[in-house]
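Protein chains in written order, with this note's numbering: chain A, 7 to 546; chain B, 562 to 892; chain C, 2 to 400.
Hints listed in this document are in silico derivations from the structure and should not be mistaken for laboratory results. Just to be clear, a hint being listed does not mean it is correct.
What the hints assert, rightly or not - Listed below are the simulated DSSO-like cross-link pairs for lysine-lysine, each with C-alpha atoms no more than 27 Å apart in a straight line: (1) C:Lys200 with B:Lys760; (2) C:Lys200 with B:Lys750; (3) A:Lys178 with A:Lys475; (4) A:Lys248 with A:Lys178; (5) A:Lys130 with A:Lys390; (6) A:Lys225 with A:Lys178; (7) A:Lys513 with B:Lys760; (8) B:Lys760 with C:Lys3; (9) A:Lys225 with A:Lys390; (10) B:Lys755 with C:Lys200; (11) A:Lys475 with A:Lys59; (12) A:Lys475 with A:Lys115.
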Amino acid sequence: MSNLSIEPGSTTAYHTGEWRQQRPVYRDKWPPCGQSCPASEDIQAYLALASNKEWEAAWRKITERNPLPGVTGRVCHHPCETSCNRTQLDTSINIHGVERFLGDLAHEKGWRHERFTEVSQPQKVAVVGAGPAGLSCAFQLARRGYPVTIFDAMSAPGGTLRSAIPDYRLPKSVLSGEIDAILALGIELRLDTRIGQELSEQSLQDDFDAVFLAIGALKPRSFSSIDKSDHSVMSGTDFLQKINRGKSLSLPKQVAVIGGGNTAIDVARCARRLGAQVTVVCSQDRPGSHHGHADAQMPALPQEAMHAEAEGVRILFRTGVRRLVRNGQHLSGVEISRVDQVHDRQGRFNPVLFEGTETFLSAGLVIFAIGQEVNKSGLENLMKDGELGVIIGGDAAGKPRFAATAIGSGYQSAMSIIAYLTGIPPVYENHQKTDVTYKDLHTQYYPLLPRQDELMTEDRLSDFTEIVKGFSQGETLCEASRCLSCGVCFDCDNCWHFCPDAAVIKKPNGYEIDYNYCKGCGICALECPSGHIDMQREVG
Amino acid sequence: MDTRDQFRTNVLTSGHRACAGCGEAMAARMVTDLIGPDAIYINATGCLQVFTTHNQQSAWQAPWMHSVFANSAAVASGVEAALRARGRSTPVVVQAGDGGTFDIGLQCLSGMIERGHDVLFVCYDNEAYMNTGVQRSSSTPHAVRTTTSPPGRLSEGKHHLKKDVISIIAAHHMPYAATATVAYFPDLKAKVEKAMSLKGPRFLQVLSPCPLGWDHDAALTVQISRLAVETGLFPLIEMEYGDVTGVMRLARQRPIEDYLHLQGRFKHLFGHQNDNGNVEIRHLQALADARIQRYGLLDAETEWTTASAAQTERHGRGGYSISAVKQEVSS
Amino acid sequence: MKMLLEGSHAVAEAVRLCHPQVIAAYPITPQTHIIEHLAQMVANGELSSEFISAESEYAAASVVLGAVATGTRAFTASASQGLLLMTEVLFNIAGLRLPVVMVCANRAVGAPINIFCDHQDSMALRDAGWIQLYVSSNQEAVDSIIQAYRIAEACELPVMICMDGFFLTHAFEPVDIPEQTAVDTFLPPYQFSRMLDPKKPMTLGGGSEPDNYLEYRAALHNDMEKTLDRIQRVGSDFSQQFGRGYGGLVEGYRLEDAEIVFVGLGSLIGAVQDLIDQLREQGQLVGALRLRCFRPFPAAALVRSLSSAKRIIVMEKAFSAGAGGIVATELRAALYQAGLSIPVDNFIGGLGGRDITPSILEQIFHTSVSSDAAIDCRFINKDDMSHAEGNATTPGEGD
């Protein structure tokens with residue numbers, strides 16, 4: 007019939023969704039930062055929380071995978087920042103700065119880790135090694151109700167984090183604080199206990215249902231040269247261990263450090279702080295140079311090498327040691343040459359020196375920092391292949407020797423141990439998500455805003471106090487807000503604003519598409535800044 | 562009433578019959594939700610009226626009336642006079658297309674402005690008579706293909722230039738006239754809010770791409786409206802009492818081809834052999850350059866640029882008048 | 002209070018008494034004095050109204066459309082070209098069922114342009130869906146305006162009061178302007194049922210389809226027909242309260258035993274009545290019927306009043322080009338429909354302000370009675386007039 011006035015909103019009886027040939031679907035992607043994180047942190051998620059000032063939630067998001075954010079925020083090589091899509095827009099997010107801020111804030115506020123369950127599982131797990139891998143594994147198991155005992159040969163926990171990383175990079179208080187928070191979950195820690203000495207392999211297998219071996223790679227690789235004298239020669243790990251134990255060392259005026267890894271750089275910078283003139287002899291090229299493949303570049307973090315040079319460390323690139331030059335027992339220096347190739351045909355590290363390029367480098371002490379190996383002594387039985395209930399992780403598993411890798415390994419091992427103990431295979435949700443590349447983003451919606459880097463202390467060489475200052479809350483907020491949120495909704499409202507059909511409904515937690523009305527125009531997908539919306543053809 | 566969304570009123574709600582990707586539906590939804598349901602809306606004949614009231618159903622959730630094509634400004638004058646007589650301050654808003662603004666409705670609009678009626682007149686400018694099947698209007702830009710300005714052996718589309726309606730309107734010495742488009746929501750929002758904060762006749766010209774008439778992919782509506790601005794073809798400006806008081810600076814100027822290429826209505830201009838078409842492309846570029854120069858679009862001191870105004874905000878831009886909906890939900 | 006007023010002034014007084022909150026108009030002769038008086042009243046504070054000087058009649062009609070839809074009483078007036086410029090909007094007002102009241106100061110329609118009276122303008126709008134009342138005096142104009150608001154508001158349909166330009170609008174006559182309190186009693190405050198109001202949002206003027214358009218339009222016709230009763234009742238209510246009446250739909254004069262009946266509209270009826278008196282004195286059984294309400298067409302009332310007539314003479318000041326007199330045609334149809342075959346003579350005259358003198362009327366009478374066949378659409382042209390003034394030739398013979 008004819009109505010002189012029409013009811014408001016009465017078109018809702020007409021479902022324009024029937025016109026649709028394709029439908030928009032909200033779908034979380036797995037951003038490159040999280041994909042590249044060796045600890046599998048959900049970086050986008052915690053940056054989003056931080057950008058909303060939800061500091062504690064952000065910290066809890068990190069610690070789902072990494073209980074040591076204060077540590078990794080300082081020492082991690084952050085591949086997340088290298089892979090960050092934002093690099094192609096302006097500069098990557100300073101993710102480690104945010105991570106460090108959250109770790110430090112958690113310590114300051116006394117936030118405590120929570121167990122997922124109050125139920126105590128009947129199976130007990132032994133973790134050998136209180137380094138990052140062992141701590142990470144123990145943390146994940148303890149949160150899930152497994153009684154865990156950590157054994158460590160040293161008298162303080164932390165592994166190489168404690169023994170190899172100098173204070174100016176990682177203050178011991180930060181490390182201890184985070185370890186204490188982990189142990190507070192009810193983890194038993196037995197120090198000064200070396201398996202095979204204080205405790206037998208057998209009793210470990212008898213008393214525990216599963217064993218995680220995270221013994222690290224602590225045995226320094228020796229310098230294969232004709233010079234067998236120990237005089238005026240040290241390994242990098244020994245040197246750092248002494249310093250980290252607070253031993254006072256007196257150095258000769260000139261010190262040569264052999265190696266190009268982070269240990270070499272740490273050693274060099276510590277030696278500088280002890281007053282020596284330090285030269286690093288590195289077989290590879292300067293980091294970031296385009297010479298050769300990645301392995302032909304100095305493996306130390308570019309940032310660390312830069313800091314070292316800024317502190318007066320001289321680095322000789324593409325240089326190798328031919329021999330130690332002695333006057334009797336007395337070391338007068340090393341003979342060095344230009345390096346031809348770094349790796350041999352099998353890809354092994356095996357620098358070849360050019361004849362006729364020899365020069366003399368004066369040094370009263372030579373410190374070799376050319377890598378470490380796993381020391382299996384006392385664990386020969388447990389480390390046999392296919393030993394049931396034994397999992398090897400961290401540096402000892404031959405993974406790249408980064409803290410984050412060790413932490414990731416600890417998590418994966420914990421999951422494997424649980425799978426072994428329960429018989430239920432683990433599920434890794436994030437890995438089912440699709441990638442999101444820079445071209446999937448609609449960058450006109452993001453403000454251009456350059457990355458902020460942390461400030462450095464003025465006087466670095468007088469002692470071992472931390473040289474990199476942390477972010478303020480404001481800086482953290484700003485940096486977290488720069489995140490492009492690749493593939494993940496950040497509530498920008500674009501889909502909601504731009505839908506011509508009121509088919510996008512805003513809810514207190516996100517959006518919902520009302521397919522009764524969506525005509526499938528595709529505007530929401532095209533205008534989604536972060537590539538969170540996919541268009542799918544309607545079937546039938 | 563439809564109360565699905567607790568964060569906006571949906572003054573123009575679902576079930577309307579606009580084509581998929583309709584720029585006018587998008588623009589009208591933004592504008593009316595920014596104003597809210599506590600207003601009286603008068604609509605000229607046109608797409609918006611046709612697709613929102615059909616088969617005795619209405620997509621409007623506010624008092625809304627359509628009379629005829631040419632008279633919306635005069636009807637609104639009467640509504641406003643009646644409200645004034647009754648001591649009410651309910652806002653009055655006219656919505657019309659470019660036909661109902663530039664052409665057939667211009668006289669009533671001029672009268673409304675001259676008499677100083679407290680009315681916001683919103684023109685959803687889709688640059689042709691779309692409702693009747695894409696015929697040229699005085700808003701249709703130069704060289705565009707429409708069904709009444711077809712390219713042929715003797716023609717490269719519309720011969721005449723797009724009418725500079727905003728200058729005509731602003732010349733009435735009226736409080737506020739501005740151009741906007743859907744791509745820059747913060748800008749549109751600021752302009753609607755400014756318009757609503759002022760008394761007297763106010764005018765908004767909102768460029769609203771039409772996938773059907775402009776012959777572009779339905780998903781491109783926002784992109785094309787952004788390009789119209791970034792090329793300089795559609796300057797975003799504000800005028801108060803006849804003077805230009807604000808422009809949106811172009812963070813960068815895009816070449817005109819970036820805009821033309823996406824739209825079938827300019828397709829006839831392209832091709833290697835098409836000398837006349839190339840002349841028209843250069844002509845359009847010159848028109849864009851002239852507008853950029855006229856309004857200082859590359860060097861003006863502005864609050865926003867096309868880059869900053871396009872940016873989204875984390876955790877929502879919000880910005881709709883939702884009090885009425887909240888009351889509805891709670892009652 | 003009885004006053005000697007110009008017709009336009011009297012109309013303005015009547016409008017003032019009805020408290021329209023919005024008045025919109027565009028000046029056109031001979032309507033101008035009406036709106037000038039209203040503008041002055043508003044300027045003097047005698048009438049609390051928004052006076053909108055529209056930029057065209059088209060806009061003026063649109064303004065009152067909007068005003069009425071927003072719950073106020075409104076008023077406009079126009080004529081001739083202006084009324085036709087309103088056409089689209091007037092149809093729309095009726096379709097929207099808005100109780101708008103307007104005055105048409107009847108004037109000829111160009112070309113050639115002519116500012117003087119005939120009924121072509123309002124007659125051209127007979128299909129618009131407006132109630133049309135043609136008044137015969139300034140007093141009736143005043144009274145009909147007051148009635149018009151009551152009819153319009155009761156029926157939710159627009160009413161056009163048609164009054165002869167110049168003959169009435171510019172004529173000074175003694176007029177009784179009713180007391181405000183009396184008008185307030187007759188015309189209580191009004192609340193439009195479909196008002197534009199955010200508290201109760203509605204959509205007015207939405208689209209229709211082949212599926213439902215016919216029902217809308219048929220309902221308009223049916224509702225228009227129903228207003229006949231209302232116009233009649235409002236007329237009798239008015240005469241009960243004010244002591245003056247105009248017969249509601251039609252007004253008869255000496256019809257009781259009339260065999261020959263003049264039918265006409267508007268102010269012409271005064272001259273016709275004089276002729277009736279004169280012919281009656283001569284023993285002719287003549288009478289007159291004034292069609293007050295032309296839309297809706299009061300077919301039943303006409304048939305009732307005219308059933309005993311032997312011959313009917315329709316005098317019109319408008320025509321439908323190519324078809325002839327409009328009222329005569331409709332009257333013939335009504336009589337035919339009622340089974341009556343009374344001859345209806347149709348004279349078209351007084352166009353563009355030309356006077357229809359008593360002698361012309363007399364000539365028409367004689368022409369009519371002396372013709373065997375019914376006379377169809379005869380224009381009273383200049384020759385007829387000179388003949389009528391001088392000789393006693395038949396009008397129209399010169400054609």
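- Message: Hint by hint, where does the structure go against what was stated? Just the numbers, ascending.
- Response: Structure breaks hints 7 and 8.
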